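J.: Fit chain B to the supplied structure of chain A, relying on the hints for placement.
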Amino acid sequence: MCGIVGLFLKDPKLEPQLGAMLTDMLITMTDRGPDSAGIAIYGGARDGLGKLTVQSSDPGRDFKDLDGDLHDAIGQPVAMRVKSTHAVLEVPLDQMEAARSALAHLRPGVKVMSAGDSIEIFKEVGLPKDVAARFDVARMKGTHGIGHTRMATESAVTTMGAHPFSTGADQCLVHNGSLSNHNGVRRELKHLGMTFETENDTEVAAAFISHKLHDGEPLGRALEATLTDLDGFFTFVVGTRNGFGVVRDPIACKPAVMAETDAYVAFGSEYRALVNLPGIETARVWEPEPATVYFWER
Amino acid sequence: MQSFDLGKEGLRALNSALHALKGQTNMTAWEVINPKGAHAIAAGVDAPVDITVRGSTGYYCAGMNKQATIRIKGSAGPGVAENMMSGTVIIDGDASQYAGATGRGGLLVIKGNASSRCGISMKGIDIVVHGNIGHMSCFMAQSGNIVVLGNAGEALGDSLYEARLFVRGSVKSLGADCIEKEMRPEHIALLAGLLKRGEADGKARPEEFRRYGSARKLYTFNIDNASAY
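Chains as they are written, first to last, in my numbering: chain A, 1 to 298; chain B, 1 to 229.
There may be inaccurate statements among the hints.
To be verified - Calculated lysine-lysine pairs in the DSS-like style (CA-CA distance at most 30 Å, straight line):
1) A:Lys254 with B:Lys66
2) A:Lys254 with B:Lys111
3) B:Lys181 with A:Lys254
4) B:Lys73 with A:Lys254
5) A:Lys10 with A:Lys129
6) B:Lys8 with A:Lys129
7) B:Lys123 with A:Lys13
8) A:Lys10 with B:Lys73
9) A:Lys141 with B:Lys66
10) A:Lys254 with B:Lys123
11) B:Lys22 with A:Lys254
12) B:Lys36 with A:Lys129
13) B:Lys123 with B:Lys73
14) B:Lys36 with A:Lys10
Claimed, not checked - Which chain B residues face chain A? A few, computed with CB under 8 Å, are given here:
15) Lys22
16) Gln24
17) Ala38
18) Ser56
19) Gly77
20) Pro78
21) Asp94
22) Ser115
23) Ser116
Unchecked claim - Here are the in silico distance ranges between beta carbons for each label pair:
24) A:Ala156 with B:Asn26: 44 to 50 Å
25) B:Glu182 with A:Ile251: 28 to 34 Å
26) A:Asp229 with B:Gly202: 26 to 32 Å
27) A:Ser180 with B:Arg184: 32 to 38 Å
28) B:Glu182 with A:Arg298: 53 to 59 Å
29) B:Asn222 with A:Asp262: 43 to 49 Å
30) B:Ala29 with A:Ala291: 41 to 47 Å
31) B:Ala20 with A:Val157: 38 to 44 Å
32) B:Asp5 with A:Ala291: 16 to 22 Å
33) B:Ala20 with A:Trp296: 47 to 53 Å
34) A:Asp11 with B:Ala192: 58 to 64 Å
35) A:Lys190 with B:Asp5: 29 to 35 Å
36) B:Asn26 with A:Ala138: 46 to 52 Å
37) A:Trp296 with B:Pro185: 48 to 54 Å
No wet-lab data here; the hints were simulated from the structure. Treat the numbers as computed from the prediction; the structure is a model and nothing was measured. Think of the CB as a built atom: it goes at the ideal place given N, C-alpha and C, for glycine as much as any other residue.
Only chain A is shown next, with the shape it has when bound in the complex (with noise of 0.2 Å):
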């Protein structure tokens, strides 16, 4: 199964909320998956400064003076905000490159989860309601965020297995279903120079993605490739630096709902997802169309 959940805000004074909206839909949708949880949110955006979102699984260690002997490395002041098992670096826009690459010698044990210039993503295994709790994801502000809750089918439940993927900088995206192609693509990907963390089909179908991006083209293009370059089932819902697509494969068996207001657009798995959002009783509500691209952007 896997339940995904995601809001696009139109309106700017629900942005203080983004984080307890997508909490809420999230954990509504904990029984179609209970393996992991996940989040993407994307605000916060500071001129000339990115954020790298890390992971440790030993994080008393890894994160201890760890903003100091990155600022040591590159020679720019490093900020760092611990949250549980993840930590928010910001480091300036030129100097990322570097930071990843001083961070690997600095603490061989730490992943990146996302970087970029708004996008922070934290994930772990456990039930939503726990991993966002751990995050404290309610209190978080934005402008777009995903959130996936997830049943392992296809590799390890671990915490780099969770959703979301992010492959690209302010890249992220979330899969429901599973892809019957991802080692081919995967292979393809690895010539063209993609990297990849796991032996996951969604990092794959992230990466397809990311590299149409790339390539200059447009999320609504990126969008349409995977429907005839990814063979399986999916629900794909991504999110770039000021985007929010959907697609589904054209046999659509993974439920999808969309809502749309004045002040949000809103994805859920189910409507269920949906119920406490302000206005749903006027919203328009539909199913997306199978094979056919949504995206909005602003």
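T.: Below, chain B alone, put in the same frame as chain A:
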């Protein structure tokens, strides 16, 4: 009128109360409030009662229904009225995938659109859809009737047995062994009755529909193929 707040009392309490109704009962009118997309609302009812759900429902609402009239004042999630035996289910909004799947009897009315696989493997149910139906609808449909006032998606009636499919609008494509057939007077009469029962007689006339059915080449044994087995 028995009013039931699903948010307060819970799904098990609702379905237990409905399952306890047997034969003739004087509690014939029920209202369910705060459905909030919950699953399996009023599934497995077997009594001649009238149930109104005030809002949208999740998976399998009114599944296996016998005798009851169930009205959904919203939209329905996947598998609404799945394997219905008798009675009536009326949805004011849209229905998600496989509405009326494997239904053996009764009447399912969808006043909005139905998505993919509507009436898949239907076995005697009558379905009236005021809007459109999605792809792979009526796949392996065995008997019963479906009436679609709008359009049908890809592969309508694939591997069809003896269900009758009436579509007023366009059909994106017909599935294997599904063909258009002539409308004879008995079909016009059948349609007139179905439109009336489906609360659609003010919206469409029987003469506006085309009929689709099985070419009967796929499910009947052909001696020329004997060597293939």
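J.: All hints, please: hold or fail.
T.: So, going through the hints one by one against the coordinates:
Distance check on the hinted pair: Lys254 (chain A) and Lys66 (chain B) sit about 29 Å apart at the alpha-carbon level, within 30 Å; holds. Annotation: proposed proximity of Lys254 (chain A) to Lys111 (chain B) holds, straight-line Cα distance about 24 Å (limit 30 Å). As the CA atoms of Lys181 (chain B) and Lys254 (chain A) are separated by approximately 34 Å, the hinted pair breaks the 30 Å bound. Between the alpha carbons of Lys73 (chain B) and Lys254 (chain A) the distance comes to roughly 25 Å, so the proposed pair stays at or under 30 Å and holds.
Restraint check for Lys10 (chain A) and Lys129 (chain A): the C-alpha separation of about 26 Å stays at or below 30 Å, so the hint holds. Taking the CA atoms of Lys8 (chain B) and Lys129 (chain A), the gap is about 22 Å. The hint holds against a cut of 30 Å. The suggested pairing of Lys123 (chain B) with Lys13 (chain A) is violated, with an alpha-carbon distance near 52 Å, which exceeds 30 Å. Annotation: proposed proximity of Lys10 (chain A) to Lys73 (chain B) holds, straight-line Cα distance about 29 Å (limit 30 Å).
Taking the CA atoms of Lys141 (chain A) and Lys66 (chain B), the gap is near 49 Å; set against the 30 Å cutoff, the hint is violated. Note on Lys254 (chain A) and Lys123 (chain B): the hinted pairing holds, with a Cα-Cα distance of about 25 Å set against a maximum of 30 Å. For the suggested pair Lys22 (chain B) and Lys254 (chain A), the alpha carbons sit about 37 Å apart, so the restraint of at most 30 Å is broken. For the given pair, Lys36 (chain B) sits about 20 Å from Lys129 (chain A) by alpha-carbon distance, which is consistent with the 30 Å threshold.
This hinted pair checks out: Lys123 (chain B) and Lys73 (chain B) have alpha carbons roughly 26 Å apart, not beyond 30 Å. With a C-alpha separation of about 24 Å, the suggested pair Lys36 (chain B) and Lys10 (chain A) falls inside the 30 Å cut-off, and the hint holds. The closest approach between the C-beta of Lys22 (chain B) and any C-beta of chain A is roughly 31 Å, which is over the 8 Å cut-off, so the hint fails. With a least beta-carbon distance of about 35 Å to chain A, the hint placing Gln24 (chain B) at the interface is violated under the 8 Å criterion.
This hint holds: Ala38 (chain B) has a C-beta 7 Å from the nearest C-beta of chain A, less than the 8 Å allowed. Taking 8 Å as the C-beta contact cut-off toward chain A, the hint placing Ser56 (chain B) at the interface holds, the least distance being around 5 Å. Interface hint status for Gly77 (chain B): upheld, as the beta-carbon distance to the closest one in chain A is roughly 6 Å, under 8 Å. Of the supplied interface hints, the one on Pro78 (chain B) holds, with its beta-carbon coming within about 6 Å of a beta-carbon of chain A, less than 8 Å.
Among the interface hints, the one on Asp94 (chain B) holds; its C-beta lies about 7 Å from the nearest C-beta in chain A, closer than the 8 Å criterion. At about 5 Å, the closest approach between the beta carbon of Ser115 (chain B) and any beta carbon in chain A falls short of 8 Å, and the interface hint on this residue holds. At about 6 Å, the closest approach between the beta carbon of Ser116 (chain B) and any beta carbon in chain A falls short of 8 Å, and the interface hint on this residue holds. One distance hint, 44 to 50 Å for the beta-carbon pair Ala156 (chain A) and Asn26 (chain B), is violated here, with the actual separation near 57 Å.
Glu182 (chain B) and Ile251 (chain A) have their C-beta atoms about 33 Å apart, which keeps the hinted 28 to 34 Å range intact. Checked against the hint of 26 to 32 Å, the C-beta distance between Asp229 (chain A) and Gly202 (chain B) comes to roughly 48 Å, which is inconsistent with it. Between Ser180 (chain A) and Arg184 (chain B), the C-beta spacing of about 46 Å breaks the proposed range 32 to 38 Å. At roughly 55 Å, the beta-carbon separation of Glu182 (chain B) and Arg298 (chain A) lies within the given 53 to 59 Å, and the hint holds.
Checking the proposed 43 to 49 Å range against Asn222 (chain B) and Asp262 (chain A) shows it is violated: the Cβ atoms sit about 60 Å from each other. Separation of Ala29 (chain B) from Ala291 (chain A) is about 43 Å and conforms to the stated range, judged on CB atoms against 41 to 47 Å. Between Ala20 (chain B) and Val157 (chain A) the beta carbons are some 41 Å apart, a value that agrees with the proposed interval 38 to 44 Å. Taking the beta carbon of each, Asp5 (chain B) and Ala291 (chain A) are about 40 Å apart, not inside 16 to 22 Å as hinted.
Checking the proposed 47 to 53 Å range against Ala20 (chain B) and Trp296 (chain A) shows it holds: the Cβ atoms sit about 48 Å from each other. A hinted range of 58 to 64 Å is violated for the C-beta pair Asp11 (chain A) and Ala192 (chain B), which are about 50 Å apart. As the Cβ distance of Lys190 (chain A) to Asp5 (chain B) is approximately 56 Å, the hint placing it in 29 to 35 Å is violated. Between Asn26 (chain B) and Ala138 (chain A) the beta carbons are some 48 Å apart, a value that agrees with the proposed interval 46 to 52 Å.
Checked against the hint of 48 to 54 Å, the pair Trp296 (chain A) and Pro185 (chain B) passes, with Cβ atoms roughly 52 Å apart.
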